[in-house]
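Trainee: Given only the sequences and the hints, what does the whole structure look like? Please build it.
Quick mapping for you: the protein sequence lines, in order, are chains A and B. Under my numbering, residue 253 is the last one in the first sequence; the count climbs by one each step, no gaps. Under my numbering, residue 1218 is the last one in the second sequence; the count climbs by one each step, no gaps.
Worth double-checking, as some hints may not be accurate.
[Unchecked claim] Using 27 Å as the maximum straight-line C-alpha spacing, the simulated DSSO-like pairs for lysine-lysine come out as follows:
hint	chain 1	residue 1	chain 2	residue 2
1	A	72	A	126
2	B	1158	A	165
3	A	167	B	1116
4	A	165	A	249
5	A	167	A	191
6	A	10	A	167
7	A	72	B	1116
8	A	165	A	134
9	B	1116	A	117
10	A	72	A	134
11	A	117	A	165
12	A	23	A	165
Hints are computed from structural coordinates only; laboratory data are not their basis.
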Amino acid sequence: MTDQAFVTIKNAAKSFGALQVLKDINLTVERGQIVAIIGPSGSGKSTLLRAINELDPLTSGEVWLEGVQVNKTLPHRQYEAHVNQVRQDIGMVFQHFNLFPHLTVRGNITLAPRMLKGLSEDEANKLAEEQLAKVGLAEKIDEYPSRLSGGQKQRVAIARALAMKPKVMLFDEATSALDPELVEEVNLVMKQLAEEHMTMIIVTHEMDFAASVCDRVLFMDQGVVVEEGPPSVIFENPQEERTRNFLRKHLSR
Amino acid sequence: MGLDFTVVPDYFGMLLLGMGWTVAITISAGLLSFFGGILFAVIALYGHWALRLPFRAFAFLFMGTPLLLQLFLIYFGLIQIGIDLPAFVAGVIGLGLHFAVYNSELIQASILAVDKGQYEGARTLGLSRGQTLRRIVIPQAVRAVIPPMGNNMIALLKDSALVSVIGVAELTLAAQQAISRTYRPFEFYLAAAFCYYIINLALEAGLRRLERRIAASR
Ligand SMILES: Nc1ncnc2c1ncn2[C@@H]1O[C@H](COP(=O)(O)OP(=O)(O)OP(=O)(O)O)[C@@H](O)[C@H]1O
Ligand SMILES: [Mg+2]
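Mentor: Right, here's the structure in full:
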């Protein structure tokens, strides 16, 4: 499968019961590329993102990561083992952080590397310190999440995902639950990842952010990719009526 | 005959020993009811039906019948099928399982109330279902029901008096023995009540400390 892109989504379709949420979506992301997915509420952005790591498996179609099919059809046990394995390579950051409240910041970050990668306590601690320094929260290592601000929680969540050394990072509206003044600190961390050439797929409502960090922008509506291209084209010279309508509402803030 | 508390100090050692046994039973049965409660909750929610159905019957037996009867069944009944348990062990098992069933109800509801984002956060990192349950869901579910489980522990302490009937020399039986020698029921039952009260205070203080300690991690 050497002709494939780093991340490849082929003919992706997804239904929840009678509701078809994704309709024949194709997407390729090269290593180090940053793709933004924008679109109105309910257009299927989260569903597409969650299909990439099998949180919401596709009804039909394929998801590939670096030559490995993520959504393989396998007998139950093998499927579980396979999914647990590939998810280690796919970092995901949620709107509501999903930090583990019963663990300290250190515990949140070291849990998976220790359990799944067999890191020793010392190695895992070092890893946690490194990742926290990266998101500027070294001094919070022994705090519980309940003691952190929203922006700090999200940065810890990013550090937790990065500690697994993922091949690609998925962001589902990482800043939408944050107070406006806390958005920037999370955006900065994501920009820094962009500079390090982390492959990222970012669902966002922040058009300015998408325009400034992304290589490519996908506009989705009603389960299809209406238009895609570099931010300069999508934001300044969109070809589709639906894209123009959407952007008119969202750029005039 | 008037009240005469001066006889009580003579039996101080006896009462203290009884208190010791009461504490020992409460701690042992408390631990059994805690870990048993978690195990039963997992069986009830995720167990294979071949395990779940007998468990249902078992839970019904423990919730729907008198604890006293359960103690008789375990201590006297099991002998007939060749299981001859020491009274202390039978008492701990009876009390422990009885309250494990109640704790299990609390923990089941609490597990179901854990936010689905917690599962997603864990599964996304690559944790399996079992790992997610063990390391993420159960620890959170248990923390959330520490206060009501604490109430169950206090109920367990008080119900531990019942094991006197199968001959465990705990506080109530110690008081009865002192009474049978002195014929001073009021004095010794009151002394025993005071002892229970002391243990209860210690237990409540411990629970409050535990709640404070886990407050940040919830
Ligand atoms: N688990 C589910 N069961 C049933 N329907 C679902 C489920 N998840 C999503 N949907 C539906 O699928 C559609 C797409 O949802 P999705 O969350 O992907 O949209 P979105 O583009 O992320 O929207 P938003 O911007 O509001 O987050 C919606 O109509 C939603 O109601
Ligand atoms: Mg969404």
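Trainee: Next step is simple, just say for each hint if it's right about the structure.
Mentor: For each hint, the structure was consulted:
no. : hint           : result
1   : A/72 x A/126   : violated (35 Å)
2   : B/1158 x A/165 : violated (53 Å)
3   : A/167 x B/1116 : holds (25 Å)
4   : A/165 x A/249  : violated (37 Å)
5   : A/167 x A/191  : holds (17 Å)
6   : A/10 x A/167   : holds (19 Å)
7   : A/72 x B/1116  : holds (24 Å)
8   : A/165 x A/134  : holds (13 Å)
9   : B/1116 x A/117 : holds (25 Å)
10  : A/72 x A/134   : violated (34 Å)
11  : A/117 x A/165  : holds (11 Å)
12  : A/23 x A/165   : violated (31 Å)
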